[in-house]
Amino acid sequence: MQKNTNFRTIVFATLLGLVSSLSLFLVYVQTKPLSEANERAEELRNYLFVLDVPVSSNAGAEELLKIFDRFIRVKKVDSLTFYEYYPENGSSDSPVAVALPLSGPGLWGRIDGVLALEPDLKTIKGIRFYKQIETPGLGGEITTDWFQSQFVGKSILSSSGVPGFRIVKQGEVLDKNSVDGISGATMTSDRVEKFLVDLIKSVWNARSEYAR
Amino acid sequence: MHGNTAQQGQKTKFREIFMDGIYRINPITIQVLGICSALAVTVRVDNAAVMGGAVIFVSIFSNLIVSLLRKIIPLRIRMITEVAIIATFVIVFDQFLKAYYWEMSKQLGPYVALIITNCIVMGRAEAFAIQNPPLQSVFDGIANGVGYTIVLVLIALVREIIGSGSLTIFGIQILSLLELGYTKNLIFVLGPGAFFTTGFLMWVLNALNRNGEEEK
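Same order as they appear, the protein sequences are chains P and L.
Going by the numbering used here, 145 is the number at position 145 of the first sequence; the sequence numbering is gapless.
Going by the numbering used here, 222 is the number at position 10 of the second sequence; the sequence numbering is gapless.
One chain only, chain P, in its complex shape (with noise of 0.2 angstroms):
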């Protein structure tokens, strides 16, 4: 018995081990469809709620998709996907609304995002992160309302009108190129500032090949 203990915990450490792993296994994979149905939802929701589409909150995946393939026209111009919002009632030649998709690494992990841009170009409709891994009420902070509905109004060129965009530390006079940052979380503002220029630059560029 004495001489057997060691080789008895590494079975039945391996044992659980396997039976727990295994079980997840079968978990994951039933809930997979269901858990990536949701996620794709939620990410829809919120092109439509930064384009400014009316949708019902309540409404699911079904008809959330019913409702974006009803309404946006993917464009692609080079690498960037523009996703351009034509209402019923409005013109078919023009849209009122674009997103882009918007991402970049945070401080933890991945942020996913949705950028709205009026028709020029030129002004936000709308930002919302929805994927994120930031700490819990410091970073976390960037999917709040307070935080994302500083964008709305904004412009993505600087007074001198060079493309770009500022995340300000709290208490700086903002313009109309800047907003607030989140007071102790320094790293998640300076990075989403990072991957939100990248995208406005590369829209500035593009604007030429879009708009043909």
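Mixed in with the good hints, there may be bad ones.
Claimed, not checked - Calculated cross-link-like contacts (lysine-lysine; reagent style BS3-like; alpha-carbon spacing at most 30 angstroms):
{"id": "1", "chain 1": "P", "residue 1": "Lys-32", "chain 2": "L", "residue 2": "Lys-310"}
{"id": "2", "chain 1": "P", "residue 1": "Lys-154", "chain 2": "L", "residue 2": "Lys-318"}
{"id": "3", "chain 1": "P", "residue 1": "Lys-169", "chain 2": "L", "residue 2": "Lys-318"}
{"id": "4", "chain 1": "P", "residue 1": "Lys-131", "chain 2": "L", "residue 2": "Lys-310"}
{"id": "5", "chain 1": "P", "residue 1": "Lys-66", "chain 2": "L", "residue 2": "Lys-310"}
{"id": "6", "chain 1": "L", "residue 1": "Lys-318", "chain 2": "P", "residue 2": "Lys-66"}
{"id": "7", "chain 1": "P", "residue 1": "Lys-66", "chain 2": "P", "residue 2": "Lys-131"}
{"id": "8", "chain 1": "P", "residue 1": "Lys-76", "chain 2": "P", "residue 2": "Lys-176"}
What the hints assert, rightly or not - Simulated restraints, written as ranges between beta carbons of each label pair:
{"id": "9", "chain 1": "P", "residue 1": "Val-197", "chain 2": "L", "residue 2": "Leu-387", "range": "43 to 49 angstroms"}
{"id": "10", "chain 1": "L", "residue 1": "Asn-397", "chain 2": "P", "residue 2": "Gly-104", "range": "37 to 43 angstroms"}
{"id": "11", "chain 1": "L", "residue 1": "Tyr-394", "chain 2": "P", "residue 2": "Ser-103", "range": "38 to 44 angstroms"}
{"id": "12", "chain 1": "P", "residue 1": "Ala-211", "chain 2": "L", "residue 2": "Leu-390", "range": "44 to 50 angstroms"}
{"id": "13", "chain 1": "P", "residue 1": "Arg-70", "chain 2": "L", "residue 2": "Ala-325", "range": "35 to 41 angstroms"}
{"id": "14", "chain 1": "P", "residue 1": "Ser-79", "chain 2": "L", "residue 2": "Pro-346", "range": "58 to 64 angstroms"}
{"id": "15", "chain 1": "L", "residue 1": "Pro-346", "chain 2": "P", "residue 2": "Val-197", "range": "58 to 64 angstroms"}
{"id": "16", "chain 1": "L", "residue 1": "Asn-397", "chain 2": "P", "residue 2": "Ser-183", "range": "22 to 28 angstroms"}
{"id": "17", "chain 1": "P", "residue 1": "Glu-63", "chain 2": "L", "residue 2": "Arg-290", "range": "49 to 55 angstroms"}
{"id": "18", "chain 1": "P", "residue 1": "Ser-92", "chain 2": "L", "residue 2": "Leu-389", "range": "46 to 52 angstroms"}
{"id": "19", "chain 1": "P", "residue 1": "Asn-6", "chain 2": "L", "residue 2": "Leu-417", "range": "44 to 50 angstroms"}
{"id": "20", "chain 1": "P", "residue 1": "Gly-171", "chain 2": "L", "residue 2": "Glu-315", "range": "33 to 39 angstroms"}
Keep in mind that the hints were calculated from the coordinates and are not lab data.
Think of the CB as a built atom: it goes at the ideal place given N, C-alpha and C, for glycine as much as any other residue.
Given chain P, work out where chain L should sit, using these hints.
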């Protein structure tokens, strides 16, 4: 332990287990375990209830499995075994929420996964299930889970009504003070409100529950 020879003894035993978990040695108010989640998810009653449900689920099944395996778990790796069993059930529950209750899963965020490190579940496995038969262990899991849930819901009731000025449970509005001209007391939505409420509740329950150390 108490006598468990006669059926009468069995019955008392189960009642003892139940009273202990829910009231006499309530995990939150008496043992002061699992405070992190109790402070974090009690802004709304429905969040607190689902969190409580998760802990009940996990503590029942982890207690059951630990108890069934109690004679073959090697003593040296006993705690890591308990953690592995608990973690498995927590991940199962988290996946289930992600698949069927997406909104709830979003609101509870990282706290469901943090049940793995919740001292209550681990504490019951280590203090009870590892040395008691399965049925009693399941009861102990239920009792402690329910004890945790009751306290969480009580805290959430106070915080939601005072902090948000309304009470909405699973989408059904039960109460709204805002129409009566009530001003939201935001401190109850934030961390300090959770501390005040929990501390007050502990004081009341400890004052009522006078068979603690002071009396002996």
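Here's how the hints hold up against the structure:
no. : hint                                        : in the structure
1   : Lys-32(P) / Lys-310(L)                      : 9 angstroms, holds
2   : Lys-154(P) / Lys-318(L)                     : 29 angstroms, holds
3   : Lys-169(P) / Lys-318(L)                     : 29 angstroms, holds
4   : Lys-131(P) / Lys-310(L)                     : 14 angstroms, holds
5   : Lys-66(P) / Lys-310(L)                      : 22 angstroms, holds
6   : Lys-318(L) / Lys-66(P)                      : 23 angstroms, holds
7   : Lys-66(P) / Lys-131(P)                      : 22 angstroms, holds
8   : Lys-76(P) / Lys-176(P)                      : 28 angstroms, holds
9   : Val-197(P) / Leu-387(L): 43 to 49 angstroms : 47 angstroms, holds
10  : Asn-397(L) / Gly-104(P): 37 to 43 angstroms : 39 angstroms, holds
11  : Tyr-394(L) / Ser-103(P): 38 to 44 angstroms : 42 angstroms, holds
12  : Ala-211(P) / Leu-390(L): 44 to 50 angstroms : 48 angstroms, holds
13  : Arg-70(P) / Ala-325(L): 35 to 41 angstroms  : 37 angstroms, holds
14  : Ser-79(P) / Pro-346(L): 58 to 64 angstroms  : 59 angstroms, holds
15  : Pro-346(L) / Val-197(P): 58 to 64 angstroms : 60 angstroms, holds
16  : Asn-397(L) / Ser-183(P): 22 to 28 angstroms : 23 angstroms, holds
17  : Glu-63(P) / Arg-290(L): 49 to 55 angstroms  : 51 angstroms, holds
18  : Ser-92(P) / Leu-389(L): 46 to 52 angstroms  : 49 angstroms, holds
19  : Asn-6(P) / Leu-417(L): 44 to 50 angstroms   : 47 angstroms, holds
20  : Gly-171(P) / Glu-315(L): 33 to 39 angstroms : 36 angstroms, holds
Taken one by one, the earlier hints all hold for this structure without exception.
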